[in-house]
Amino acid sequence: MTAQTALFDAPGPRARRRHAVLTAVGGVVALGLLVLVLRRMADAQQLQASLWSPFLTGTVWREYLLPGLWGTFRAAVLSVLLAGVFGLVFGIGRLSAHRTVRWVSGVVVEFFRAVPVLIMMIFAFALYAHNQVFDSSLNPLAAVVTGLTLYNGSVLAELVRSGVHGLPRGQTEAGLSIGLTPAQTLRSVQLPQALTAMLPALVGQLVVVLKDSALGYQITYTELLSWSKILGSAYTNTIPAYLVAAVLFITVNYALTRVAGLVERRVARRGGRAPRTTAGEPAVLQDATAT
Amino acid sequence: MADVLSRYDVLGAFWTTIQLAVLSSVGALLLGTLVAVLRVSPIRVLQLLGTGYVNTFRNTPLTLLMVFSLLGATYILGLSLAADIGANAFRWAVVMLSVYHAAFVCEALRSGVNTVPIGQAEAARSIGLTFGQSLREVILPQAFRGAVAPLGSVLIALIKNTTVAAVIGVSDAAGLMSEVVENETGTVSVFLVFALGFVVLTLPLGILFTSLSRRLAVRR
Numbered sequence: 232m233t234a235q236t237a238l239f240d241a242p243g244p245r246a247r248r249r250h251a252v253l254t255a256v257g258g259v260v261a262l263g264l265l266v267l268v269l270r271r272m273a274d275a276q277q278l279q280a281s282l283w284s285p286f287l288t289g290t291v292w293r294e295y296l297l298p299g300l301w302g303t304f305r306a307a308v309l310s311v312l313l314a315g316v317f318g319l320v321f322g323i324g325r326l327s328a329h330r331t332v333r334w335v336s337g338v339v340v341e342f343f344r345a346v347p348v349l350i351m352m353i354f355a356f357a358l359y360a361h362n363q364v365f366d367s368s369l370n371p372l373a374a375v376v377t378g379l380t381l382y383n384g385s386v387l388a389e390l391v392r393s394g395v396h397g398l399p400r401g402q403t404e405a406g407l408s409i410g411l412t413p414a415q416t417l418r419s420v421q422l423p424q425a426l427t428a429m430l431p432a433l434v435g436q437l438v439v440v441l442k443d444s445a446l447g448y449q450i451t452y453t454e455l456l457s458w459s460k461i462l463g464s465a466y467t468n469t470i471p472a473y474l475v476a477a478v479l480f481i482t483v484n485y486a487l488t489r490v491a492g493l494v495e496r497r498v499a500r501r502g503g504r505a506p507r508t509t510a511g512e513p514a515v516l517q518d519a520t521a522t
Numbered sequence: 232m233a234d235v236l237s238r239y240d241v242l243g244a245f246w247t248t249i250q251l252a253v254l255s256s257v258g259a260l261l262l263g264t265l266v267a268v269l270r271v272s273p274i275r276v277l278q279l280l281g282t283g284y285v286n287t288f289r290n291t292p293l294t295l296l297m298v299f300s301l302l303g304a305t306y307i308l309g310l311s312l313a314a315d316i317g318a319n320a321f322r323w324a325v326v327m328l329s330v331y332h333a334a335f336v337c338e339a340l341r342s343g344v345n346t347v348p349i350g351q352a353e354a355a356r357s358i359g360l361t362f363g364q365s366l367r368e369v370i371l372p373q374a375f376r377g378a379v380a381p382l383g384s385v386l387i388a389l390i391k392n393t394t395v396a397a398v399i400g401v402s403d404a405a406g407l408m409s410e411v412v413e414n415e416t417g418t419v420s421v422f423l424v425f426a427l428g429f430v431v432l433t434l435p436l437g438i439l440f441t442s443l444s445r446r447l448a449v450r451r
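Taken in sequence, the protein lines are chains H and Y. Going by this note's numbering, the first residue of the first sequence is number 232, and it counts up by one from there. Going by this note's numbering, the first residue of the second sequence is number 232, and it counts up by one from there.
Keep in mind the hints are simulated off the structure, nothing from the lab. Heads up, some of the hints might be wrong.
[What the hints assert, rightly or not] Computed footprint of chain Y on chain H, listed as stretches where at least three residues anywhere in the stretch have a Cβ under 8 Å from a Cβ of chain Y:
#1 249–263
#2 467–478
#3 484–493
In this text the structure is predicted, and so the values were computed from the model without any measurement. Every residue gets a Cβ at the ideal spot worked out from N, C-alpha and C, and that includes glycine.
Chain Y with its partners taken away, still in its complex shape (with noise of 0.2 Å):
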């Protein structure tokens, strides 16, 4: 284990996965944002173009976004986030981690807003609030506190989801791996190495969206 940790850039590897995961989340964030407020306005288009969005990004496999990326965005259509080759890789793996993700960020979102009984909107109304009052007061803040699981979930899946960025060439955990893997043959060592890299980032999260979510859950 240690003879893998002094030869190859381990370190290194989780700190590319980790800008990933950081740059893609906040991504993933505000385009999710964007996409649950068009699915739960009360205009049809927009909660139609909210819904293909969703239904389009969930069903599709995030390494054939991936794939497309480099192969068919950067290669034919010319879509080059930036000149040098590994940077325009990373990139677009940003570009599709937020894209994919938002997906989930949305449905998150939107199941947070779905935990607010209807009648906490009409006990807001019937007390005079105005509409702008109702959703500042009573909604939103209920929404917010059911969708901490939820989101959750999400950003842990999303830190997993970044290996998928060794697809196309990003020097991340997988790929350093797959480059481990092919000069030493796969020892299990070195699985454990990288696994436990991926624990160390997830289940502390895990723990503490969990304890959130207790902490914040709005009683009923």
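If we strip away everything but chain H, and leave its shape as in the complex, we get (with noise of 0.2 Å):
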């Protein structure tokens, strides 16, 4: 870690003294806030075995974690896949030599980014069910995707626009030089590296796409966290069902980003490189600020 170095001198006697101090700080004020957590579960009866065990059992995982999860996972990537192509078609509308095509797909992709993916849903949950879209029992799901396909479509887009931009310029030079249209050089020589160096921010979007399907409680989706609200009524163990809950999701979605790491090492060892912005941290972790 760069940070580290940059920071601070190799320490000498005094200041190993020191971290040692601080680090008994440390564990002493961890310990007692984890303390202090526990009594306060303790106080409200939530440590009894009878809350957790039921975890053990398997009909609590087939009935209700299993199918939570299947929830979490049939939007996420629905809306992943769905996301994928709008933002290919916008990303490349960004890039379009027209200038009317270009500034409708601008206007279209900020739009989509500055608005909260609660407020799309909300939106297409009440449309779906006015004008009968889908047959009712699709309209939280189909709300669900249309919120996180425009939200992540449109940043994607953007990340194939910054992809295709970060591309040296020698690249559409040489395909310009060897007679290719601007077209067949942007699909043929541009878009093939750009989609590559993206592939460590689509890993990453997923990331945001299954947090994000967590908004679906408030549109009646049953994902994981509406399963475990459920779950928590059942057994009168809402505490514990959330903190599962959080488990699995915090689980899955370390996993992800590690994928997400492991793929970008992948890319930048055969020489592409991942779209970065200004501050040099990689589109990944920024994208990854929704909710």
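Using the supplied hints, reconstruct the complex from the two chains, each of which is provided in its own coordinate frame.
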């Protein structure tokens, strides 16, 4: 980690003593916080074995948690696929030689990036329900996927654009000089490189989508969070149910973040370069800011 | 569009959104700076605490934190932050928004520190600056300038994420929109009123931060 070496000298004897003291203080504070939380939970009778033992039975997993995970994954995968298409279309639109196409794509992308996903979901849900676009049982899923697709598609469109802009100029010039049209250059020279460079960001975006699918809770889409609420009332163990759901979310997302990092290193080794913003932070991490 | 504006308190709802955003961004900045200090400190235990915090809250859905704050913390653990139901929900929303975004603030600040090349620290030491001087005069000024752009994206995300507070009944923009949609059926104009509200809140900030980060960028 460069931060370490830039910020601190190699410790001498006095600094090492100070570090030892701070290590002890840090450990005590952390343990104290943990004890405080556990005491609070014990006072509210939340540590009883009867509240936690249901998670060791197959029924809870089969009837609540796995359907919840399935709901979350179903919405996430559908959204990522559709967002990929949306991102490709509008990303290419923003690179178009026609000013109108470029302008319209720019407005669409900027608009959907600025509007909160929840607002889009509530609107899509009302719209579908009112016009009976889908079978009524499909409305929540459709609304969740719509909201996630529009937002994440716009983020991906920006990534396509920055990926193409990040390529060395010589690539375009070489394409044009061997007689390809600008469109052909884009299709067979620029996009393949930009998309490979985008791959880690795409995996990173999956984390955002997975987390955002929990917003479906508000519009009655039954994903992991809703199922853990139902589980909590069925077994009267609300707090354990939410904690288990949180652990599931954290595990899946942490694993996905690691995969994104692996893919990024692989792409970098092959000479590609992930799209980066001005601050030098990989785009993956920055856009993971959304819910 | 005018119909919705006249019959519902849209401006009041957006005022709640702005209050949520301002209070939580202050909270997130303070907490996030603390976590960033832990993460870049030379002490292993503190680093682990910081990393644990970031990995936990960056990977948990904000919706889950919100729902937990009400159904778990308030009702079962008895951690009520105000006697009034509405005030309790609002305060918990501020707490959860701060806690969640602190993880991203920490990462933004850390990425700022990471933009400083090691050569800068080595140069500072070799001209005889003390540890404190080299941090104050050489490293932190560059680190803060490098963190402007990522902090801007965190702030914009925070403003949009205030809508999640609607899940626990805070009557912000998204809460009011649910109400309008239920009463009136969702028309495109209702959507546009609320969507444009957020465009107005976030777009100028985006432009401001982009130009700031360009102007402040350290030329290397």
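query: Which of the listed hints are broken here?
result: Per hint list: zero violations.
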